[in-house]
Amino acid sequence: MAASVCRVGSTVGRALAKSRSPVLLSLRRGQASVSYAQSLLGAPETQLTALDNGLRVASEDTGHATCTVGLWIGAGSRYENERNNGTGFFLEHMAFKGTKKHTQTALEQQVESMGAHLSAYTSREHTAYYMKTLAKDLPKAVELLSEVVQSCSLNEAEIEQQRGVVLRELEEVESNLQEVCLDLLHATAYQGTPLGQSLGSLCDLVEYINIHYKAPRMVLAAAGGVNHEELVGLAKSHMSGVSFEYEGDVVPVLSPCRFTGSDIRMRDDALPLAHVAIAVEGASASSPDIVPLMVANAVIGSYDLTYGGGKHLSSRLARIAVEDKLCHSFQAFSSSYSDTGLLGIYFVSDKHHIDDMMHWSQNAWMNLCTTVTESDVARGRNALKASLVGQLNGTTPICDEIGRHVLNYGRRVPLAEWNARIDAVTPSVLRDVCSKYIYDKCPAVVGVGPIEQLTDYNRIRSAMYWLRF
Amino acid sequence: MMSTVTRPGVILPYYRATRNTFKSLVFPGAMELFTVAGKAELLIYQCCLSFLFPAPAGTRLAHTDIKIPDFSDYRRPEVLDPRKSSQDSSDTRKAFSYMLTGATAVVGVYAAKTVVTQFVTSMSASADVLALSKIEIKLSDIPEGKNMTFKWRGKPLFVRHRTEKEISTEEAVNIGELRDPQHDKERVINPKWVVVIGVCTHLGCVPIANAGDFGGYYCPCHGSHYDASGRIRRGPAPLNLEVPYYEFLDDNTLVVG
Numbered sequence: 001m002a003a004s005v006c007r008v009g010s011t012v013g014r015a016l017a018k019s020r021s022p023v024l025l026s027l028r029r030g031q032a033s034v035s036y037a038q039s040l041l042g043a044p045e046t047q048l049t050a051l052d053n054g055l056r057v058a059s060e061d062t063g064h065a066t067c068t069v070g071l072w073i074g075a076g077s078r079y080e081n082e083r084n085n086g087t088g089f090f091l092e093h094m095a096f097k098g099t100k101k102h103t104q105t106a107l108e109q110q111v112e113s114m115g116a117h118l119s120a121y122t123s124r125e126h127t128a129y130y131m132k133t134l135a136k137d138l139p140k141a142v143e144l145l146s147e148v149v150q151s152c153s154l155n156e157a158e159i160e161q162q163r164g165v166v167l168r169e170l171e172e173v174e175s176n177l178q179e180v181c182l183d184l185l186h187a188t189a190y191q192g193t194p195l196g197q198s199l200g201s202l203c204d205l206v207e208y209i210n211i212h213y214k215a216p217r218m219v220l221a222a223a224g225g226v227n228h229e230e231l232v233g234l235a236k237s238h239m240s241g242v243s244f245e246y247e248g249d250v251v252p253v254l255s256p257c258r259f260t261g262s263d264i265r266m267r268d269d270a271l272p273l274a275h276v277a278i279a280v281e282g283a284s285a286s287s288p289d290i291v292p293l294m295v296a297n298a299v300i301g302s303y304d305l306t307y308g309g310g311k312h313l314s315s316r317l318a319r320i321a322v323e324d325k326l327c328h329s330f331q332a333f334s335s336s337y338s339d340t341g342l343l344g345i346y347f348v349s350d351k352h353h354i355d356d357m358m359h360w361s362q363n364a365w366m367n368l369c370t371t372v373t374e375s376d377v378a379r380g381r382n383a384l385k386a387s388l389v390g391q392l393n394g395t396t397p398i399c400d401e402i403g404r405h406v407l408n409y410g411r412r413v414p415l416a417e418w419n420a421r422i423d424a425v426t427p428s429v430l431r432d433v434c435s436k437y438i439y440d441k442c443p444a445v446v447g448v449g450p451i452e453q454l455t456d457y458n459r460i461r462s463a464m465y466w467l468r469f
Numbered sequence: 001m002m003s004t005v006t007r008p009g010v011i012l013p014y015y016r017a018t019r020n021t022f023k024s025l026v027f028p029g030a031m032e033l034f035t036v037a038g039k040a041e042l043l044i045y046q047c048c049l050s051f052l053f054p055a056p057a058g059t060r061l062a063h064t065d066i067k068i069p070d071f072s073d074y075r076r077p078e079v080l081d082p083r084k085s086s087q088d089s090s091d092t093r094k095a096f097s098y099m100l101t102g103a104t105a106v107v108g109v110y111a112a113k114t115v116v117t118q119f120v121t122s123m124s125a126s127a128d129v130l131a132l133s134k135i136e137i138k139l140s141d142i143p144e145g146k147n148m149t150f151k152w153r154g155k156p157l158f159v160r161h162r163t164e165k166e167i168s169t170e171e172a173v174n175i176g177e178l179r180d181p182q183h184d185k186e187r188v189i190n191p192k193w194v195v196v197i198g199v200c201t202h203l204g205c206v207p208i209a210n211a212g213d214f215g216g217y218y219c220p221c222h223g224s225h226y227d228a229s230g231r232i233r234r235g236p237a238p239l240n241l242e243v244p245y246y247e248f249l250d251d252n253t254l255v256v257g
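Just so you know, the protein sequences line up as chains F and Y, in that order. The opening residue of the first sequence carries number 1 in the UniProt record's numbering; numbering runs sequentially from there. The opening residue of the second sequence carries number 1 in the UniProt record's numbering; numbering runs sequentially from there.
It is possible that some hints are incorrect.
Unchecked claim - Here are the simulated DSBU-like cross-link-like pairs (lysine-lysine), alpha carbons at most 35 Å apart as the crow flies:
{"#": "1", "chain 1": "F", "residue 1": "Lys100", "chain 2": "F", "residue 2": "Lys236"}
{"#": "2", "chain 1": "Y", "residue 1": "Lys134", "chain 2": "F", "residue 2": "Lys441"}
{"#": "3", "chain 1": "Y", "residue 1": "Lys138", "chain 2": "Y", "residue 2": "Lys113"}
{"#": "4", "chain 1": "Y", "residue 1": "Lys155", "chain 2": "F", "residue 2": "Lys441"}
{"#": "5", "chain 1": "Y", "residue 1": "Lys84", "chain 2": "F", "residue 2": "Lys436"}
{"#": "6", "chain 1": "Y", "residue 1": "Lys94", "chain 2": "Y", "residue 2": "Lys84"}
{"#": "7", "chain 1": "F", "residue 1": "Lys351", "chain 2": "Y", "residue 2": "Lys134"}
{"#": "8", "chain 1": "Y", "residue 1": "Lys94", "chain 2": "F", "residue 2": "Lys441"}
{"#": "9", "chain 1": "F", "residue 1": "Lys436", "chain 2": "Y", "residue 2": "Lys94"}
As the list claims (entries may be wrong) - FRET-style restraints, in silico, Cβ to Cβ:
{"#": "10", "chain 1": "F", "residue 1": "Lys311", "chain 2": "Y", "residue 2": "Phe119", "range": "27 to 35 Å"}
{"#": "11", "chain 1": "Y", "residue 1": "Phe96", "chain 2": "F", "residue 2": "Ile159", "range": "33 to 41 Å"}
{"#": "12", "chain 1": "F", "residue 1": "Arg468", "chain 2": "Y", "residue 2": "Thr101", "range": "17 to 25 Å"}
{"#": "13", "chain 1": "F", "residue 1": "Asn210", "chain 2": "Y", "residue 2": "Asp65", "range": "24 to 32 Å"}
{"#": "14", "chain 1": "F", "residue 1": "Lys351", "chain 2": "Y", "residue 2": "Phe96", "range": "36 to 44 Å"}
{"#": "15", "chain 1": "F", "residue 1": "Thr371", "chain 2": "Y", "residue 2": "Thr101", "range": "52 to 60 Å"}
Stated by the list, open to error - To spell it out: a stretch of chain F is covered by chain Y in this simulated footprint if at least three of its residues, at any positions, have a beta carbon under 8 Å from a beta carbon of chain Y; those stretches are:
{"#": "16", "segment": "165-174"}
{"#": "17", "segment": "177-187"}
Hints in this document: simulated from the structure, not taken from any laboratory. Glycine included, each C-beta is placed from N, C-alpha and C at the ideal position.
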């Protein structure tokens, strides 16, 4: 009876809406005029050009009045060895201390007068220098960026001063236990390999620049109200000088990094909360399995105390966490590098619930490998699609994605393609992929804080399979 | 899902190499870094330098000073090289570990079973008791026609060396006449030798050999007559004399029990 009423109602609504009466348009609640997949096909395209020296230029014209333009370089702590570990990070700090053409003050004045923001970051595999500015200031921005990267002046006094700043930043990182925890996770999971390094001693900057800042490993990316041809022209005029040859033909090639199932526990009972992370070796950025793994993470989801859903949250692990007050927050994460990756769960809990939280986290993993249902997978797919779209909220995230994608994949992967790949994930695909990476594998475990209750590694390892299967 | 709407960035970590967003040096505020860090602080940092670079033993100022030890001595050969992915060898390593565990489990179960049975069987009859349960008899000691009595398991055991005449007589007996019908062949292995327990089946007295009307045994208590095969022929006893388990080790040796 109710179903037939609904059917009649929606038919009437559709008929009335077709007549385009504004008052009655609200009756078309359940009907979008264009489907999500169709709307993605109309998204602006990212254009990609390569210069003669190998430098790639990529941009997306979103029509905004502002733009973000930057240089993404395939260099990071992974390319360093023990001797020069930390150079990339330090270099990032040195970059804004003046160039050969402008002193530091002049540089700052140039940037400030445009009303621009000049930023940089380093990660394990990438370094980025980017500027957020008005779309009409694009030429100036590219000029300044190219100067900063190619001819930054490295005088002794500045270097000494920057050491202090770097030290202070390191100290601050210490207080960010999430960073510490995830850093230690990399250190133990990739022990003995370059990916396990974070920051350490500092060394020859000039040598570092010479080795790593080469045109084929650089991408000039821009997003916002930018014209691609204009950008290419600017790149040609400012960045053609970036070298593409290596001295002695020594091209730094990344060798694979060995993952070691291991654990590291930094116990400190004075801290109020325990930060725990458990991860298995995941898929590399270019692997076809990365999408099922992202869906898997979306199925597990995340939670923290500010979530209002209570015990009606859709993620099973979140429901359990709420009902038994097992944790303050958790998130399923996935970090991908060029040939390896980490797939894990990070949670923060008080010292009496660590064991239970670990048990249920691994239970969630086992569920993914064995009995995940169609409704869970559908929910995960939708959540993932929503998040992929949602994180592109501004020219800077878009530009960042362009830069990283071109470095990782050689092109920008469009949302429509992500959509198609996500739709291809079915429960059996998810089960197979998760079993391949999670089931009966040795995880890397990190605990920081009052972790006496953190489960013994042998028991954690035993929970990576189910005897009932 | 509520959580995704409010925190889209949470699933962003797909791309997040864990340390991507450091504090960006935003220029409008950057000047502060140097005015605030006045001379005194710079001095402190320069002192810190000598503490931190290189990190001295015993003082830990940052988590990055923790050096993961080198476990090469304990690693299996397939994972010694840090430049080779460990995924390729993971199946073989696991197979080896599980097979070793499985084999140990089987051996362990077998060992446990052995120990348990040893403890349990220790409660059964001991060797000296078992030794008493068998008797070995030299048949050459018994002349023809003679019956010898042995003590076996607390009861008298009759071993009779029968003559040809006795054998043929017993074999010719009509079974229909017997109270407990048994042909002589059923009661002996070798017709020359009759082995019976010397306990009367009536009330348990010991019959006398070579007595009675049938050339066998006679029980004096109540007058039961047995023949040369130990079968009851006359008298109150209901059954024939019991034939125990026996075997001939060789022509001269009889083992009963």
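Hints, one by one, checked against the model:
no. : hint                             : verdict
1   : F:Lys100 to F:Lys236             : 20 Å, holds
2   : Y:Lys134 to F:Lys441             : 63 Å, violated
3   : Y:Lys138 to Y:Lys113             : 42 Å, violated
4   : Y:Lys155 to F:Lys441             : 71 Å, violated
5   : Y:Lys84 to F:Lys436              : 19 Å, holds
6   : Y:Lys94 to Y:Lys84               : 17 Å, holds
7   : F:Lys351 to Y:Lys134             : 72 Å, violated
8   : Y:Lys94 to F:Lys441              : 9 Å, holds
9   : F:Lys436 to Y:Lys94              : 14 Å, holds
10  : F:Lys311 to Y:Phe119: 27 to 35 Å : 54 Å, violated
11  : Y:Phe96 to F:Ile159: 33 to 41 Å  : 52 Å, violated
12  : F:Arg468 to Y:Thr101: 17 to 25 Å : 19 Å, holds
13  : F:Asn210 to Y:Asp65: 24 to 32 Å  : 29 Å, holds
14  : F:Lys351 to Y:Phe96: 36 to 44 Å  : 38 Å, holds
15  : F:Thr371 to Y:Thr101: 52 to 60 Å : 26 Å, violated
16  : 165-174                          : holds (count 9)
17  : 177-187                          : holds (count 8)
Checked against the numbered hints listed earlier, the structure breaks hints 2, 3, 4, 7, 10, 11 and 15; every other hint is satisfied.
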